[in-house]
Amino acid sequence: MQAIDKEFDIPVDMDEPEVELPLLAVRDTIVFPRMLTPLFVGRKRSVLALEAAMAENNQIVVVTQKDPDIETPGEDELYTIGTEAIVGRMLKMPEGGTNILVQGSQRIELI
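Each residue of the sequence shown is one higher than the last, beginning at 31 in my numbering.
Check before you lean on any hint, since a few could be wrong.
[To be verified] Listed next, with one range per pair, are the computed distances between beta-carbon atoms:
#1 Glu48 with Met123: 12 to 22 Å
#2 Ile60 with Glu105: 16 to 26 Å
#3 Ile60 with Leu121: 20 to 30 Å
#4 Leu66 with Tyr109: 32 to 42 Å
#5 Glu125 with Val49: 15 to 25 Å
#6 Arg73 with Thr110: 30 to 40 Å
#7 Gln133 with Leu78: 15 to 25 Å
#8 Ala85 with Leu131: 30 to 40 Å
#9 Met84 with Tyr109: 16 to 26 Å
#10 Met65 with Lys96: 15 to 25 Å
#11 Glu125 with Glu48: 10 to 20 Å
#12 Pro124 with Val49: 31 to 41 Å
Just so you know, the hints here were simulated from the structure itself, not pulled from any lab data.
Note that beta-carbon positions come from the ideal geometry of N, C-alpha and C, so glycine has one too.
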């Protein structure tokens, strides 16, 4: 069964299987489908999620946290709509943290 994403007039496959991907919570940033976005990854949980994505197929889910001041957001502190993205480039910084470039591929809903 297909539906149409009214925002972009794109067919959406409603029967896609649920897939588990690493989750990257970001502050004050929204990644949209088809958009290239540079991100800085510094928190330990975020680095682990990035490493898991790079070890598999470079796919990661990017979700914005509701309060950017929370250091370790829980499930309730994240928006439920995010973007599945492909990690294109990764640069580890000498002072710690990692700069990445992601491209959004599709909008997703956390379940």
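For each hint, the structure was consulted:
At roughly 34 Å, the beta-carbon separation of Glu48 and Met123 lies outside the given 12 to 22 Å, and the hint is violated. Checked against the hint of 16 to 26 Å, the pair Ile60 and Glu105 passes, with Cβ atoms roughly 19 Å apart. Roughly 22 Å separates the CB atoms of Ile60 and Leu121, a value that falls within the hinted 20 to 30 Å. The hinted window of 32 to 42 Å between Leu66 and Tyr109 is violated, with their beta carbons roughly 21 Å apart.
Distance hint check: the CB atoms of Glu125 and Val49 are about 34 Å apart, inconsistent with the given range 15 to 25 Å. The hinted range of 30 to 40 Å is not satisfied by Arg73 and Thr110, whose Cβ atoms lie roughly 20 Å apart. The hint said 15 to 25 Å for the Cβ distance between Gln133 and Leu78, and at roughly 21 Å that hint holds. A beta carbon spacing of about 18 Å between Ala85 and Leu131 contradicts the range 30 to 40 Å that was offered as a hint.
Range check, Met84 to Tyr109: about 24 Å between beta-carbon atoms, so the 16 to 26 Å window is met. In this structure the supplied range 15 to 25 Å holds for Met65 paired with Lys96, their Cβ-Cβ distance being about 21 Å. Between Glu125 and Glu48 the Cβ separation comes to about 38 Å, which falls outside the hinted range of 10 to 20 Å. Evaluation of the 31 to 41 Å hint for Pro124 and Val49 yields a pass: the beta carbon distance comes to about 35 Å.
Hint compliance for this structure: hints 1, 4, 5, 6, 8, 11 are broken, all remaining hints hold.
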